[in-house]
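Colleague: As a plain string of letters, each chain reads:
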Amino acid sequence: MADTDTLPPADDTAVNPVGGIDQAVGNFQYDVNYEFDAGTGLTEDTVRYISSVKKEAPWILEFRLKALQTFLDKPMPTHWATKDLENIDFSKIRYYLSQGQKPKRTWDEVPDDIKQTFERLGIPEQERKFLAGVEAQFDSEAAYSNIKDIVAKQGVIFCNSTEALREHPEIFKKFFGKVIPTGDNKFSALNSAVFSGGSFIYVPPGVKVAQPLQAYFRINAENFGQFERTLIIADEGSEVVYMEGCTAPKFSTSTLHSAVVELVALKGAKIQYITVQNWANNVFNLVTKRGVAHEDAEIKWIDCNIGSRLTMKYPGVVLKGKRARGEVISIALANDGQHQDTGAKMIHAADDTTSVIVAKSISVGQGRSTYRGQVHIPKHLKGCKNNTECDALLINTNSRTDTYPAITVRGDTHAVQHEASVSKVSEEQIFYMQQRGLTEAQAMSLAVNGFVNDLVRQFPMEYSVELKRLIDLEMEGSVG
Amino acid sequence: MTSVSEPCERCGKSASDFHQPMSAPALSASPFTGLDSARFAQHLSQRGHLPSWWLETKKAAWNQFNALPMPARTDETWRFSSIGSLDLAGFNLPEDASVHIPHLSAFPHTAEIIFSNRQAVGRSTVPAELAAQGVIFCPLDEALHHHGELIKTYFQKLPANLGSEKFVALNTAFTGAGAFLYVPKGVEVALPFVLQHTLSGANLATFPHTIVVLGEQAKATLVEFFVSGERDAHQLVSGVNDLHAGTGAQLTYVGAQNWSRDTLAFQTNSIVAERDARVLSLNVHLGGRQARHESHSRLLGTGAHSEMLALTVANATQEFDQRTLQTHASPHTSSNLLYKNVLLDTAKTIFSGLIIVEPDAQKTDAYQSNRNLMLSDTAEANSLPGLEIEANDVRCTHGSTTSRIEPEQQFYLQARGIDPTKAHELLVFGFFEEVLGKLENEDLHAALIELIKSKFKK
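Taken in sequence, the protein lines are chains A and B.
Residue numbering for the first sequence follows our numbering, beginning at 21 and increasing consecutively.
Residue numbering for the second sequence follows our numbering, beginning at 693 and increasing consecutively.
Keep in mind that the hints were calculated from the coordinates and are not lab data.
In this text, all values refer to a predicted model and were calculated from it rather than measured experimentally.
All C-beta atoms in this analysis are idealised placements derived from N, C-alpha and C, irrespective of residue type, glycine included.
Just so you know, not all the hints are guaranteed correct.
[Claimed, not checked] Here are the simulated DSSO-like cross-link-like pairs (lysine-lysine), alpha carbons at most 27 Å apart as the crow flies:
(1) Lys1114(B) <-> Lys402(A)
(2) Lys1145(B) <-> Lys1114(B)
(3) Lys1055(B) <-> Lys444(A)
[Claimed, not checked] Among the chain B residues that face chain A by a calculated CB cut under 8 Å, a handful are:
(4) Gln734
(5) Glu768
(6) Leu1067
(7) Ser1075
(8) Glu1082
(9) Thr1089
(10) Thr1093
(11) Thr1094
(12) Arg1096
[Unchecked claim] Here are the simulated distance ranges between beta carbons:
(13) Ala1008(B) <-> Gly470(A): 49 to 55 Å
(14) Leu736(B) <-> Trp100(A): 38 to 44 Å
(15) Ser441(A) <-> Thr1009(B): 32 to 38 Å
(16) Pro1051(B) <-> Gly203(A): 36 to 42 Å
Could you put together the complete structure from these sequences and hints?
Modeller: Structural data, given as structure tokens:
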């Protein structure tokens, strides 16, 4: 969606004539006067403070405090995950910041400095008419929120999660924390204790939302963890596409992002959740994403991870109803100093359920990309199918890739396949393109884009354009 | 198999000089309640005649065994394994050899050694011309006497690291029933060497340790059988193998186990392939209540190749737990792993494999494949095929499939007049043939099919 070509340059930022990429984008910070600030460190007081600022009902505070205890009790999962997790200093992180603003309804009400930030990110005002609604999260609270009349008229609720807790507690409470229980992992517990922001979407039965709903996330305060909580419920026979994009300013010390995203697709519903993220490479991005697909429902995660110091994210689908379908399309790019530990989880819990995982990763320089997956088909089920493909591309001699799938199948009526390959860009390809006048770097970029092309095509057009640019940007300087 | 007792060509002693098998199976009651310090002290005292470095190694291993914790649920190397049933209590070492030695189908071989309850009870000699060329094939205790330095060079030189360190230490502490095969530089032996380990009696344990060393350009095959004397005896086994193929050597190793239905079995194999060496290892798993097999191939020299094969037939409530590692430490090395499991009833299998390509191992070509054939609605197959790649100019792929017999295939055979049971059997053995077909020795191939068929007969 951020097509920088169509943007009038905000100032004299250098524009890369070859790639058409503004390299300065995403590498800046604006001063924001935070009205509420929970300070650094995490104690029970921090949690009480967040809850009181948000004027929450007592059951939410109780939920948060329980979650805090779970977080403190759980060990770091370093027996299987990277030891880099131990470098997170939880006492130096800010857990809540807010300007105390109510979500804005119109573009005019959005403060100028924030507008400027969005413009630099490439959300042009003109694009609004193409978007069904924009829920742009500026740090903790949504700074801008707009749902097109058509969508609202269809009965679709699209707001931030704080608002949803106040205004739609009956729907929220029913599904909240059900797909991803607090104790699922240490970071889902952390999120449950200090969550703020994130989106809430409810699509009524039979409603097909024609335009994708979007939210744009940014982290904009040093050492500030962003703990958004998203809950999407697609009622029977409904369809919705949700897109989120992330860019973050580059900071000198580590920042933590730990979101929880829960999707519920009721009978025959379809949810597509698209993420393109480009975190600064000091960010720990530890996200728990999972959906439950009921009978004949379909959940599809399209996930693209670029940047961050460490990303750990394994979007999952629990295939709870007969003939439910789950899909994860994942692209990861790890550059110097980055570790993309991504993958997918498919939990089959009903007959004739189908799941597909396609994961492609690119390791550049000393980057490390890891695929970690789980496919689980327990007993007494019939006719379940899974197909998993993981392909890794290694660009430089010291690039690294790992694959750690785990597949459990019970019974003799299922078909499960896993395939993975590791390769490099062939010298013949590069030579061929150089023969036709491309530089080695251009040839390499083209080859890498070719490697992910079949997946990128599944992204909405504006995302695929942005993605190709991000890949070009990351590939710069990797050869020669 | 015959069980002749002839003198070792090299040392002039016969197996019976070392261990006199008892004439009756009456097992004397052990004064020990389990594998405790008192039992270990007794084990050591019986081995006072062996080199002191060996006794020290055993003491260190015993201390290590006691220091290491039992596997825990959170150990990644034990993911999906049943941890609660890893009970070592109440097992004793057999005091006497048993006369009950199951008959296995014979095939032409160079020489064989038969162990029963940890004692060498029968052996055929290495042919004189091979012995003259320096070929050694004898029980481990004998080898420690006469070839101590060779054993010291190759015994456990590379540590076990796939999760069973504790059980490997227990093996080292108590091992007695082991064998040593040494084929010197340039010697090629066509027919296989055969080892048989038998354990008879309830609540007993055995700890076989086999060392195979092939010198430069040497070629040999070792076939090792592991069997219980009874179908239902409650037994414990922890076996360890050190397989070493020197420069340009060609080693074929076949290990086939058919332990009792109540055996807790561990087997840990270390495979080393030096420059241009080719190693083929095939493990056939049929018996045991819970059987874990770890196999680590290290490709240390340029041009080395390791073929890692396994066939498992899992039925009833059996659990087979197979962990593998292919370490590519040098450029231009290749490895190919194919593990096939057939699952019946409520059996459970775990395959966890990893290919590691170290930073300098450019031009590595590694493959890893796990195929599970499900013949029951209640069987469970777990598959963890992993890769860790730190070099970019490599070809690494892995695959894992879990499925049943294609109804079309069954239909095709039935349409040609083959009855369903026969058709089923043909398809299962067709599934295995991809692995068995890699054996060059046809007699061995036939013997293994015979062994696998015995499991389907029940």
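Colleague: For every hint, state whether the structure bears it out.
Modeller: Each hint tested on the structure:
| no. | hint | in the structure |
| --- | --- | --- |
| 1 | Lys1114(B) <-> Lys402(A) | holds (26 Å) |
| 2 | Lys1145(B) <-> Lys1114(B) | holds (12 Å) |
| 3 | Lys1055(B) <-> Lys444(A) | holds (11 Å) |
| 4 | Gln734 | violated (38 Å) |
| 5 | Glu768 | holds (5 Å) |
| 6 | Leu1067 | holds (6 Å) |
| 7 | Ser1075 | holds (4 Å) |
| 8 | Glu1082 | holds (5 Å) |
| 9 | Thr1089 | holds (4 Å) |
| 10 | Thr1093 | holds (5 Å) |
| 11 | Thr1094 | holds (4 Å) |
| 12 | Arg1096 | holds (4 Å) |
| 13 | Ala1008(B) <-> Gly470(A): 49 to 55 Å | holds (51 Å) |
| 14 | Leu736(B) <-> Trp100(A): 38 to 44 Å | holds (39 Å) |
| 15 | Ser441(A) <-> Thr1009(B): 32 to 38 Å | holds (36 Å) |
| 16 | Pro1051(B) <-> Gly203(A): 36 to 42 Å | holds (39 Å) |
Hint 4 from the earlier list is the only one contradicted by this structure; the remaining hints agree with it.
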